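Number of protein chains: 2
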Amino acid sequence: MSTDSIQDYLDQHQERFMTELIEFLKIPSVSTAPEHAEDVQRCAEWVKSHLIGIGIDKVEVHPTPGHPIVYAEHCTQPDKPTVLLYGHYDVQPPEPLDEWVTPPFEPDVRDGKIFARGATDDKGQVFAHFKGLEALLKTTGELPVNVKIVLEGEEEVGSVNLENWINAHVDMLTCDSVVISDSSMFAPGLPSITYGLRGLMYCEVSVTGPGHDLHSGMYGGAVPNPINALATMIGKLTDESGKILVDGFYDNIEPLTEEERAQFASLPHTDEGFLKEVNGVGLHGEDGFTTLERIWARPTLDCNGIYGGFTGEGAKTVIPSKAHTKISCRLVPGQNSADIGKKMEAYLRKIAPDYVKVDFHLHHGGEPIVVNLDNPTVQAAQRALKQAWDKDAVAIRSGGSIPVVATFGDILNAPVVLIGLGLADDRLHSPNEKFDVTNFYHGITTSAYFYSELAK
Amino acid sequence: MSTDSIQDYLDQHQERFMTELIEFLKIPSVSTAPEHAEDVQRCAEWVKSHLIGIGIDKVEVHPTPGHPIVYAEHCTQPDKPTVLLYGHYDVQPPEPLDEWVTPPFEPDVRDGKIFARGATDDKGQVFAHFKGLEALLKTTGELPVNVKIVLEGEEEVGSVNLENWINAHVDMLTCDSVVISDSSMFAPGLPSITYGLRGLMYCEVSVTGPGHDLHSGMYGGAVPNPINALATMIGKLTDESGKILVDGFYDNIEPLTEEERAQFASLPHTDEGFLKEVNGVGLHGEDGFTTLERIWARPTLDCNGIYGGFTGEGAKTVIPSKAHTKISCRLVPGQNSADIGKKMEAYLRKIAPDYVKVDFHLHHGGEPIVVNLDNPTVQAAQRALKQAWDKDAVAIRSGGSIPVVATFGDILNAPVVLIGLGLADDRLHSPNEKFDVTNFYHGITTSAYFYSELAK
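Heads up: the protein sequence lines correspond to chains A and B, in order. Following our numbering, the numbering of the first sequence begins with -8 at its first residue and continues without gaps. Following our numbering, the numbering of the second sequence begins with -8 at its first residue and continues without gaps.
Misleading hints may appear alongside valid ones.
Identical chains share a label here; the pair holds if one copy fits it or two copies do between them.
Said to hold, decoys possible - The calculated DSS-like cross-link candidates involving lysine-lysine, where the alpha carbons are at most 25 Å apart (straight line), are:
hint	residue 1	residue 2
1	Lys234	Lys447
2	Lys234	Lys341
3	Lys49	Lys129
4	Lys227	Lys348
5	Lys341	Lys129
6	Lys39	Lys333
7	Lys341	Lys447
8	Lys267	Lys129
9	Lys227	Lys307
10	Lys71	Lys447
11	Lys334	Lys17
12	Lys334	Lys39
13	Lys71	Lys307
14	Lys139	Lys382
15	Lys334	Lys382
16	Lys348	Lys267
17	Lys307	Lys382
18	Lys307	Lys49
19	Lys307	Lys333
20	Lys377	Lys333
21	Lys17	Lys39
22	Lys139	Lys307
23	Lys377	Lys341
24	Lys227	Lys341
25	Lys334	Lys307
26	Lys267	Lys447
What the hints contain is simulated information worked out from the structure, not anything from laboratory work. Keep in mind that this is a model prediction, so the values were computed, not measured.
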């Protein structure tokens, strides 16, 4: 098998691939809408048939308390690694319908793009993998590595049944690495591999002053105000240089290597463009780090919500009994969600004045994940992307925390690599979602090359 | 006329007075309830008839866009001062009805108290004045001073039409002082005169970070968070000693005199009792001042509300575009609401980081009022209270800002003195509102003595 023979196969079948993708996209598998429950089920069955059709050995539709999970495997290479492909066949609701140029479930190819709900999120990206696998099977009669496929139907509703299902099938799902194509390239034409995600600590803090709401005239000046106290505490969580002051917060953080910093710096990013993107007055972050370093490789502390007292129209003179905030920290390698939660609580209790009561509640968190760039899966992805796009792939990180990645990483103990095939302007979750045809076809070659490279 | 003859008259008619008060309290003049609109009107007419009945010269019911105002005057002493009595004949809604021991509009006298909606707020206190005036008229054939009476029917719905009405009748309302009995004594059996109220500056502050809500993973660390920024700004408004840091905030404040501090200190107050009353963990206020000084005679800065970002159940990782707070300052003599508003805005803009946008909105404020204790009206009230209660009256202040007092003070340019006849446990606005019978009768003598003393 050579890259040439794969490319030949793809060239010959390109048109059919698009026709099949359109068929896939026509199924309105809107997981959140009860009226589409049958469509979701039908979509799972369609995926099953399709995978059987391209020659995958074993394909099953697993029921869950919600929508089914399609599980497939083709493990014929006992001496080769096993890779698990995760994706989802459900889609976001298409509303508002009147903003679509062409209907969301009548896919339309124009200007080199295919427009439809799910075009890039995630049907198009998943289907590129299906076609890559087909090309390998049809040109060589085999797959170069062992492949397991998990396609869920509830990603857009929080993957509510996935973790239980994975836990119930750990042996079946055993693998050496996980690959996911459900994200974007850093820029058009710039092949990208995401090898790191930040973790998350999320907590709620309540401060109580008086035992009940008081009149600010009758009591103001002599009774602690929980809003003022909480705000003052929040003010003490960070300093003006953007440093987080929670004791021990930065302990054991693995510093960015000079190679990574150089790699980040080489990417086509400008702060002017970033500021325009967030439509803000100015940027602000930790001193000594660039914007990409701040987003991808430094921990954060953000209040995600705050409330207390009178929040309606007009004026009410109350000293509330309580004030509340929700605080989250994105975490980087070396940090641990539970540990940071403990340190946050200890610090908050330390800085709280003794005339208020502090309640602290920790939400479910997640751990940071960074796959070593020396990892064979990352390297195979890099070589595949270079072959497909004729350009060196950039290794990027994401500042987010994708729960399913942590779920796979934690339970299966396998490195997870994200090969995003979409673009930033694909309008996922919005009207006129699209997938560039170039990205679809390059995605297919990327996929075929990736599995081939993994075997080396 | 002597205090003895007044006392005799009261002793003779005590029973009838109670019967009449019960009649007054039976009218369900709930100003906020449209279904009671006729009752409110009927109550105004009842007051009119009653005032005519006791011999007041001129009594009118003035319509307003809402409920009517009863206006009366008895000005037969051209060489004597004119005092304006303000009160209200409307009452709070009685709900929840099932918590009343006896129905709210079927007044019941038991255990030395009369239970009914409006018993103390404000029908009972107003009626004590009516009976005081009656005693004077019946025993001497005249009133010792000129008396004007303004009884509104919308106090419980924000006195929405009062200011316009006063402005339209400034000449008619000209007076030397205003007396109001719509508050409480400092403690049972301790006659009290309130000679000071704090003013109010109330503003709203909004801080904008990014132009729209952002994902805290994708952007966190590089984009200013408006909640953190606002909280940090709030933290800089005060220091740990309770001092307010707004530039020029304390300029020109008239210091408390040693006499006043001694007077406050002599009152039956304990911080233990106060902490129990507010049901808190601890007290907190400006260093160097007692609780009563902090509440009555020192300016404050309280956040009355704060909101921004995600405030629902659970966790959402958002960097909101905006965060908001409502801040009020109680003001003391020497301070001016508009001036403090300007200083607050200037300080907030000074401490705001340059990477956020600050919007500032000033609400309607109010000026602090302190009547000089040497004022003849205060002194007359003190002498009257001593005669009625056989105990020295205490001069107290209130930390609140009563809009109607500012309205009278501002427009009529007359000192306002509050002679509270109620008690702290009268449960105004709650079920089982009551007025102590002792307070009612002592209130009548207080009133009669007060007008007599004013003439001296």
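Do the hints match the structure? See the list:
Taking the shortest alpha-carbon separations for Lys234 and Lys447, neither the intra-copy value of 44 Å nor the inter-copy value of 70 Å comes in at or below 25 Å. For a Cα distance limit of 25 Å, the shortest separation of Lys234 from Lys341 qualifies both inside one copy, at 18 Å, and across copies, at 22 Å. Proximity of Lys49 to Lys129 under the C-alpha cut-off of 25 Å is restricted to the intra-copy arrangement: shortest distance 17 Å within a copy versus 108 Å between copies. For a Cα distance limit of 25 Å, the shortest separation of Lys227 from Lys348 qualifies both inside one copy, at 17 Å, and across copies, at 21 Å.
With identical chains, the CA atoms of Lys341 and Lys129 are never at most 25 Å apart, being 65 Å at best within one copy and 70 Å at best between copies. In this assembly of identical chains, the alpha carbons of Lys39 and Lys333 never lie at most 25 Å apart, being 46 Å within a copy and 69 Å across copies at closest. In the homo-oligomer, the alpha carbons of Lys341 and Lys447 never lie at most 25 Å apart, since the shortest distance is 55 Å inside one protomer and 62 Å across protomers. With identical chains, the CA atoms of Lys267 and Lys129 are never at most 25 Å apart, being 47 Å at best within one copy and 82 Å at best between copies.
Proximity of Lys227 and Lys307 under a CA criterion of 25 Å is satisfied inter-copy only: 23 Å between copies versus 28 Å inside one chain copy. Taking CA atoms no more than 25 Å apart as the test, Lys71 paired with Lys447 passes inside one copy only; the shortest distance there is 9 Å, against 111 Å between copies. Taking the shortest Cα distances, Lys334 and Lys17 never come within 25 Å of each other, neither inside one copy (50 Å) nor across copies (62 Å). Taking CA atoms no more than 25 Å apart as the test, Lys334 paired with Lys39 passes in neither setting, with 48 Å inside one copy and 69 Å between copies.
Proximity of Lys71 and Lys307 under a CA criterion of 25 Å is satisfied in neither setting, with 70 Å inside one chain copy and 41 Å between copies. In this homomeric assembly, Lys139 and Lys382 never come within 25 Å of each other (Cα to Cα): the closest approach is 28 Å inside a single copy and 92 Å across copies. Proximity of Lys334 and Lys382 under a CA criterion of 25 Å is satisfied in neither setting, with 44 Å inside one chain copy and 59 Å between copies. Proximity of Lys348 to Lys267 under the C-alpha cut-off of 25 Å is restricted to the inter-copy arrangement: shortest distance 15 Å between copies versus 42 Å within a copy.
Taking the shortest alpha-carbon separations for Lys307 and Lys382, neither the intra-copy value of 62 Å nor the inter-copy value of 37 Å comes in at or below 25 Å. Within a single copy, Lys307 and Lys49 get their C-alpha atoms no closer than 66 Å, and across copies no closer than 39 Å, so neither meets the 25 Å cut-off. Taking the closest pair of Cα atoms, Lys307 and Lys333 come within 25 Å of each other only across two copies (20 Å); inside a single copy the shortest separation is 36 Å, beyond that limit. Within a single copy, Lys377 and Lys333 get their C-alpha atoms no closer than 44 Å, and across copies no closer than 62 Å, so neither meets the 25 Å cut-off.
Within a single copy, Lys17 and Lys39 get their C-alpha atoms as close as 16 Å, which meets the 25 Å cut-off; across copies the closest is 79 Å, which misses it. For the identical chains of this complex, Lys139 and Lys307 are neighbours neither inside a copy (60 Å) nor across copies (32 Å), given an alpha-carbon limit of 25 Å. In this assembly of identical chains, Lys377 and Lys341 lie within 25 Å of each other by CA distance neither inside one copy nor across copies; the values are 52 Å within and 52 Å between. Proximity of Lys227 to Lys341 under the C-alpha cut-off of 25 Å is found in both arrangements, the shortest distances being 11 Å within a copy and 19 Å between copies.
In this assembly of identical chains, the alpha carbons of Lys334 and Lys307 lie at most 25 Å apart only when taken from different copies (21 Å versus 36 Å within one copy). Neither within a single protomer nor between protomers do Lys267 and Lys447 lie at most 25 Å apart by alpha-carbon distance, with minima of 44 Å and 76 Å respectively.
Hints 1, 5, 6, 7, 8, 11, 12, 13, 14, 15, 17, 18, 20, 22, 23, 26 from the earlier list are contradicted by this structure; the remaining hints agree with it.
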